[in-house]
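Participant: If you want the building blocks of each chain, they are given just below.
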Amino acid sequence: MAQPEVPSPEGDAEERRLIDRSASGDQEAFRQLVLRYHRLVINVAFRALGELSLAEDVAQDVFIKVHKALPTYRHDRPFKHWLHRVAANAVTDALRRRRPVVSLDGMEQPPASAVPDPQDVAARHDLQRAVRHAIANLPPHYRDTIALQAFGELSYDEIARALDIPLGTVMSRLNGAKRLLRERLGDLVRSSDDEVEANTA
Amino acid sequence: MLSHATTRDWLIPYADGMLASDERRPIDGHLAGCAACAAELREVRELNLLLVTLPPAPPVAFAPFWLKLQATLPQRRTIKLPTFARYRKLGLAFAVAAIAALAAASAALAAPSALPDNPLYPVKQLEESLQVAVTPSSGQLPLKLYLAGERLREAQAMAYDHKPRLAATSLRAFGVIVNDASAALKHADPRAASEDLKRLRADLDAVERANVTRNDDDADIKQVVAADLDEIDRIEQPEAVTPDPTLIIGTQATPQPTPQPTPRPTPRPEPSDDEHHR
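First to last, the sequence lines map onto chains A and B. 76 is the number that this note's numbering gives to position 76 of the first sequence; each next residue is one higher, with no gaps. Position in the second sequence (first residue = 1) + 201 = this note's numbering.
Simulated from the structure, these hints should not be mistaken for laboratory data. Incorrect hints may appear among the rest.
Simulated coverage check for chain B against chain A, where a stretch passes if three residues somewhere in it have a Cβ under 8 Å from a Cβ of chain A [as the list claims (entries may be wrong)]:
{"hint": "1", "stretch": "237-248"}
{"hint": "2", "stretch": "254-261"}
{"hint": "3", "stretch": "364-372"}
The beta-carbon is built from N, C-alpha and C at its ideal position, and this holds for glycine as well.
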């Protein structure tokens with residue numbers, strides 16, 4: 001099982017001070033907190049949305065929400081995980097608000113070519129959009145859990161801590177989520193390995 | 202041998218590498234003899250590949266991100282006067298009036314957080330003059346300290362945003378405000394004053410850091426920061442040591458605060474670069 005993160009006590013104490021000072025309205029402290037985490041949040045949003053300007057807007061929303069909710073934050077779980085949860089909610093909301101750009105049914109398989117050509121890149125983008133769209137349309141408990149894995153790149157253990165649920169529940173939710181994703185993405189996840197195997201047979 | 206159904210239940214944590222070797226072994230055994238489960242594992246892995254290959258974000262500059270965010274944050278500092286509690290001697294009623302005036306002015310005019318490069322900045326300056334005008338003399342010191350801090354916040358943001366001229370202008374305005382408040386500071390509670398000056402000094406350092414970090418290392422900013430630090434040093438020096446005539450500059454028509462009982466200035470070592478005055 002994944003090893004839990006062990007934050008350094010000094011770093012932890014410093015972060016705690018920044019959080020407390022931010023919660024009491026100290027804008028410089030909040031600036032430092034944002035400085036620490038803006039890359040992480042923009043990255044989560046970008047992985048979820050695939051568009052930088054939109055990702056930045058969502059990241060701004062995340063920090064506005066965080067700023068508002070900081071006075072209620074308790075130090076009983078890592079700030080990073082709490083932030084991940086706020087970010088995952090914001091990005092999946094944003095994802096659901098967007099109209100799907102491609103239809104899953106009409107999608108073509110990306111060509112199994114070793115040399116990436118523009119068509120290949122476009123197909124890869126379509127594929128990523130399809131995955132994001134499929135995640136956005138999962139039932140909420142599946143969606144929130146897999147968003148932390150797919151967009152937040154958290155381990156099972158970190159997801160358990162972020163959502164405050166047992167590890168077994170994380171496993172069963174990811175099981176359910178991925179089963180549904182495979183159903184909904186259909187042929188897109190019938191591995192290109194199969195084609196390679198078929199071609200080389 | 203593990204059943205078909207049980208194997209399928211464990212395929213996802215198996216593919217995610219979440220199982221210990223003794224948990225993996227029976228699944229390995231089943232997969233070796235079951236083509237259907239092996240095919241399903243390939244699908245699970247392909248899905249995982251799709252998920253992990255979602256591309257990461259390209260690098261994003263922090264300063265513009267922060268400035269945009271900062272402009273949307275509620276301006277709690279606008280109504281939270283610095284060291285208010287410690288200036289209680291100056292008159293609680295007047296301070297309350299000052300807070301009310303600040304809050305009313307902020308609500309009426311929508312530019313409390315505008316930075317010098319914002320078209321609404323003149324509105325903010327107007328708002329501040331209004332605040333100074335309506336605040337009674339005993340509320341002037343907390344207000345001036347607040348405004349001084351505000352100038353430094355602007356200077357820092359401008360330095361971050363590669364706008365050294367605007368940063369230097371805010372720094373000069375800071376110098377004028379602090380100079381203006383110097384007499385009141387010298388007569389205020391020495392501990393409170395010392396803490397306020399310490400905070401301003403730290404904010405000045407932050408401006409200097411922003412100037413250096415943004416690779417501008419602008420000479421004008423450095424010079425004004427040095428002059429502003431000198432100003433703070435002068436205020437912190439014991440009264441007898443600083444009969445400096447330059448302190449008179451900029452104290453035009455400032456209402457003097459209520460005289461305070463015996464000032465007890467914090468003793469500080471004399472600054473070595475005293476000839477650095479503006």
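Participant: How does the stretch 254-261 of chain B fare against chain A when you require at least three residues with a CB closer than 8 Å, holds or violated?
Facilitator: Holds: 8 residues of the stretch 254-261 of chain B have a Cβ under 8 Å from chain A.
Participant: Under 8 Å between beta-carbons, do enough residues of the stretch 237-248 of chain B, three at least, approach chain A for the coverage claim to hold?
Facilitator: holds (count 6)
Participant: Please check whether the stretch 364-372 of chain B has three or more residues whose CB lies within less than 8 Å of a CB on chain A.
Facilitator: As far as the stretch 364-372 of chain B goes, the hint is violated, because 0 residues have Cβ atoms under 8 Å from chain A.
Going down the numbered hints, you'll see the structure goes against just number 3.
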